[in-house]
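J.: Protein sequences appear in the order of chains A and B. For the first sequence, the working numbering gives the first residue as 1, with consecutive numbering after it. For the second sequence, the working numbering gives the first residue as 1, with consecutive numbering after it.
Bear in mind the hints are in silico, worked out from the structure with no lab data behind them.
Label pairs and their computed distance ranges (CB to CB):
(1) B:Leu386 with A:Asp79: 54 to 60 Å
(2) B:Glu347 with A:Lys76: 18 to 24 Å
(3) B:Ile19 with A:Glu3: 25 to 31 Å
(4) B:Arg224 with A:Asp79: 39 to 45 Å
(5) A:Lys76 with B:Arg269: 39 to 45 Å
(6) A:Glu96 with B:Arg269: 27 to 33 Å
Beta carbons are placed, not taken as given, at the ideal position from N, Cα and C, and that holds for glycine.
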Amino acid sequence: MNEQVETIVEYIQKRCLWQFFSRAWDRSENINGILTKAGEIFAGETPSTSTEADKCWAADAKILVAEMKSAFPWFKSLDKSKAKELLDGVRKRMREIAIDKSRNGELNIENY
Amino acid sequence: MTLFKCDSQIPEREKHCYIKAPGEDTTQYLPSADIATIPGTLSERGCSYCGAKLVIGGVLKDAIQMIHGPIGCAYLTWHTKRYPSDNDNFQLKYVWSTGVKEKNVVFGAEKILKQSILEAFDAMPNIKKMMLYTTCATALIGDDPKAVAAEVMEERPDVDIFVTECPGFAGVSQSKGHHVLNIAWFKEKVGQVEPKITSKYTVNYIGDYNIQGDSFIWNDYFTRMGIQVIAHFTGNATYDECRSMHRAQLSVCNCARSAGYIANELKKRYGIPRLDVDSWGFNQSAEALRKVGAFFGLEAEAEKLIAEELAKYAPKLERYKAGLKGKKMCIWTGGPRLWHWTHAVEEELGIQVVAMSSKFGHQEDFEKVIARGPMGTVYIDDGNELEFFEVIDMMHPDIIFTGPRVGDLVKKVHIPYINGHAYHNGPYQGFEGFVNMARDIYNATHSPLWKFAGEDIRNIPEVPAAEVKEAV
Numbered sequence: 001m002n003e004q005v006e007t008i009v010e011y012i013q014k015r016c017l018w019q020f021f022s023r024a025w026d027r028s029e030n031i032n033g034i035l036t037k038a039g040e041i042f043a044g045e046t047p048s049t050s051t052e053a054d055k056c057w058a059a060d061a062k063i064l065v066a067e068m069k070s071a072f073p074w075f076k077s078l079d080k081s082k083a084k085e086l087l088d089g090v091r092k093r094m095r096e097i098a099i100d101k102s103r104n105g106e107l108n109i110e111n112y
Numbered sequence: 001m002t003l004f005k006c007d008s009q010i011p012e013r014e015k016h017c018y019i020k021a022p023g024e025d026t027t028q029y030l031p032s033a034d035i036a037t038i039p040g041t042l043s044e045r046g047c048s049y050c051g052a053k054l055v056i057g058g059v060l061k062d063a064i065q066m067i068h069g070p071i072g073c074a075y076l077t078w079h080t081k082r083y084p085s086d087n088d089n090f091q092l093k094y095v096w097s098t099g100v101k102e103k104n105v106v107f108g109a110e111k112i113l114k115q116s117i118l119e120a121f122d123a124m125p126n127i128k129k130m131m132l133y134t135t136c137a138t139a140l141i142g143d144d145p146k147a148v149a150a151e152v153m154e155e156r157p158d159v160d161i162f163v164t165e166c167p168g169f170a171g172v173s174q175s176k177g178h179h180v181l182n183i184a185w186f187k188e189k190v191g192q193v194e195p196k197i198t199s200k201y202t203v204n205y206i207g208d209y210n211i212q213g214d215s216f217i218w219n220d221y222f223t224r225m226g227i228q229v230i231a232h233f234t235g236n237a238t239y240d241e242c243r244s245m246h247r248a249q250l251s252v253c254n255c256a257r258s259a260g261y262i263a264n265e266l267k268k269r270y271g272i273p274r275l276d277v278d279s280w281g282f283n284q285s286a287e288a289l290r291k292v293g294a295f296f297g298l299e300a301e302a303e304k305l306i307a308e309e310l311a312k313y314a315p316k317l318e319r320y321k322a323g324l325k326g327k328k329m330c331i332w333t334g335g336p337r338l339w340h341w342t343h344a345v346e347e348e349l350g351i352q353v354v355a356m357s358s359k360f361g362h363q364e365d366f367e368k369v370i371a372r373g374p375m376g377t378v379y380i381d382d383g384n385e386l387e388f389f390e391v392i393d394m395m396h397p398d399i400i401f402t403g404p405r406v407g408d409l410v411k412k413v414h415i416p417y418i419n420g421h422a423y424h425n426g427p428y429q430g431f432e433g434f435v436n437m438a439r440d441i442y443n444a445t446h447s448p449l450w451k452f453a454g455e456d457i458r459n460i461p462e463v464p465a466a467e468v469k470e471a472v
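Build out the structure end to end from the sequences listed, making use of the hints.
T.: This is the structure in structure tokens:
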């Protein structure tokens with residue numbers, strides 16, 4: 001599973017801009033929002049789009065899931081619990097890279 | 001981190017230079033950025049006023065651009081960047097300066113500022129908006145341009161003036177000017193005008209300055225999908241369009257460095273979500289359109305548009321691809337184009353990006369580009385001339401995307417350069433634009449000129465005059 005987590009993380013690192021928003025709170029919202037929606041979409045559920053932010057995360061998640069399915073055939077064949085485990089691992093690693101261990105000195109400045 | 005040989009006398013440069021190695025990521029190594037230039041380095045950065053005026057404010061197509069300072073500050077931003085508009089390029093043809101001189105520095109320059117503002121509005125009776133900028137000289141003498149602007153607006157209620165107080169010395173690079181203009185515009189102007197809503201779907205397209213027509217391309221895409229662009233910030237935009245940004249449902253953000261601030265503030269105050277996209281390259285453009293389509297439930301419209309564009313432009317791109325595979329490229333521009341371009345040219349054209357340097361990027365930009373960029377590639381913040389030459393010796397690039405200053409340097413060592421800020425023959429965004437970009441790289445790297453330029457003609461034997469006559 002670790003190897004698969006790293007594969008997906010590498011893919012997201014190369015392609016997705018939402019992980020690198022300006023501040024730690026933006027990054028945290030995006031990582032949680034998009035990966036949660038990605039899990040729901042993968043499971044065949046309709047993600048909640050009750051707020052504009054939800055809609056935006058769902059849009060990003062939809063494209064991400066489609067691209068991951070196309071790039072990694074093994075991802076398509078995961079069952080729901082394995083997919084959840086994978087995305088939880090990805091979320092943890094993304095938080096580590098983009099927030100917790102980030103060397104970016106601007107992440108916690110109060111204003112934009 | 002890497003200390004170049006040329007920097008041995010300024011070892012502080014080590015923390016700005018990085019060469020990506022296997023197994024490393026940005027939690028271990030991240031260049032310092034957006035900090036003061038080290039004395040002694042031959043920086044290529046521009047000033048903070050330039051970031052406000054040349055990059056963002058000067059693009060607005062229906063505003064008088066009034067620069068309160070010595071005439072030189074106006075000259076350096078007048079028609080030097082290629083951002084056209086659909087109103088006969090008003091913003092490229094005219095610029096105003098208060099022409100401050102020594103006597104104004106001694107006695108104050110507010111009187112000539114007011115006189116200049118009135119004179120400009122009188123000379124252009126159909127223009128009712130003004131972007132007014134302070135510069136180093138007028139900031140240092142303590143002029144209060146906001147007070148003068150308020151006085152004029154009271155006397156002439158039909159005009160509106162926006163004052164950017166960001167002199168050249170306000171920050172370490174252009175980046176400060178982006179920040180100051182974004183935040184001031186948001187606080188003072190956004191929310192003042194109600195737009196006419198013509199579609200159920202509305203966006204702001206943020207951080208795109210219509211370089212050689214980039215905004216025209218994206219405006220066309222959005223229109224074909226049935227989406228109304230409330231404001232481009234600021235490509236081909238009017239002053240009032242940018243005052244009505246609060247009415248969009250989504251902020252599509254292209255240049256997160258120069259305009260991420262306003263997208264963030266729109267999110268914070270008005271709850272407008274920010275969707276960051278890459279608008280160069282076929283795949284990245286398609287992905288951007290798909291995301292916007294997914295947000296509005298316009299997936300079918302997005303797919304139709306992508307199919308139409310691919311049918312038209314994919315064969316054209318094919319013409320150049322084979323000739324570009326394996327070419328080595330440097331991207332030495334402002335900041336975001338490093339991360340916008342590196343993956344697109346690598347994935348779609350087979351080009352290897354061997355070195356990237358940013359003039360005004362922040363650490364956020366280096367996180368993005370190091371995450372995306374290839375192994376073994378050089379990443380530099382605030383690169384200096386000697387570092388550029390050392391990188392050329394290390395990497396032997398075939399093409400360098402940079403500005404005209406560095407571009408003329410690299411031409412002297414017979415390496416073609418393409419204007420990475422204003423393009424050679426753009427637009428470069430979207431599908432049409434990526435073909436233009438590929439064509440410019442192809443033409444530059446296949447031109448026979450570079451071979452001839454390297455030949456020392458002093459050693460070519462003289463041809464006798466009789467033979468020349470015969471040949472003619």
